[in-house]
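Protein chains in written order, with the working numbering: chain A, 2 to 110; chain B, 153 to 267.
Source of the hints: derived by calculation from the structure; they are not laboratory data.
Computed from a predicted model, the values in this text were never measured in an experiment.
Hints should not be assumed to be uniformly reliable.
Stated by the list, open to error - Here are the simulated DSS-like pairs of lysine-lysine, each with C-alpha atoms no more than 27 Å apart in a straight line:
hint, chain 1, residue 1, chain 2, residue 2
1, A, K58, A, K102
2, A, K43, B, K174
3, A, K43, B, K193
4, B, K192, A, K102
5, A, K64, B, K192
6, A, K80, A, K60
7, B, K204, A, K70
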Amino acid sequence: EDQVTQSPEALRLQEGESSSLNCSYTVSGLRGLFWYRQDPGKGPEFLFTLYSAGEEKEKERLKATLTKKESFLHITAPKPEDSATYLCAVQAEGTALIFGKGTTLSVSS
Amino acid sequence: ETGVTQTPRHLVMGMTNKKSLKCEQHLGHNAMYWYKQSAKKPLELMFVYNFKEQTENNSVPSRFSPECPNSSHLFLHLHTLQPEDSALYLCASSRAYEGLGNTIYFGEGSWLTVV
Chain A
2 EDQVTQSPEA LRLQEGESSS LNCSYTVSGL RGLFWYRQDP GKGPEFLFTL
52 YSAGEEKEKE RLKATLTKKE SFLHITAPKP EDSATYLCAV QAEGTALIFG
102 KGTTLSVSS
Chain B
153 ETGVTQTPRH LVMGMTNKKS LKCEQHLGHN AMYWYKQSAK KPLELMFVYN
203 FKEQTENNSV PSRFSPECPN SSHLFLHLHT LQPEDSALYL CASSRAYEGL
253 GNTIYFGEGS WLTVV
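Isolated chain A (complex conformation) (with noise of 0.2 Å):
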């Protein structure tokens, strides 16, 4: 069964301290993971998307990298606009995305 883990649940950080999101998964055929940011209240913005193992993505202060079995959402130096919930999509061959619960970034000055 395709399934998509994200860890932490909930991350509190310091503005400056830098850290990373987890999301593994289990998938065949994997067609594309995805990184989403969602702030309350509003529906998922798009981030980034990897293809393949070894393959890294940068906006501003975030970077998503991949392997074969999990995705990392590194955060440096965040600042407290970047508090939000991360979500982690796959796409495996003949489906529609399938999400994981999502982590909630708590960033304070």
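Guided by the hints, dock chain B onto chain A, whose structure is given.
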């Protein structure tokens, strides 16, 4: 990338009411989706339309009825709902349903409260 618009943003309805959620995408996409988001649960895929044809119905109760008149518009008709149906309903679209790296773009969601 914005371009998926949902109305209304908030809806309160009684269990005997009939209402509809509307979604419109301005991205030129061919696939549209309804997702349900409840607290502490992953996004649940409800329906998928690809080129106006329904391709997935994930065992959704018949009190939810989708309609896709064209590739740009998607409706979710609601009737005889239960309080446990209260959730954020998200519409999304993508270039196609299948294919490598098929990125889905979401609307802002419709908050539904059933009383």
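Consistency of the hints with the structure:
no., hint, result
1, A:K58 with A:K102, "holds (22 Å)"
2, A:K43 with B:K174, "holds (16 Å)"
3, A:K43 with B:K193, "holds (16 Å)"
4, B:K192 with A:K102, "holds (7 Å)"
5, A:K64 with B:K192, "holds (25 Å)"
6, A:K80 with A:K60, "holds (14 Å)"
7, B:K204 with A:K70, "violated (35 Å)"
Hint check: a violation occurs at hint 7 only; the rest are consistent with the structure.
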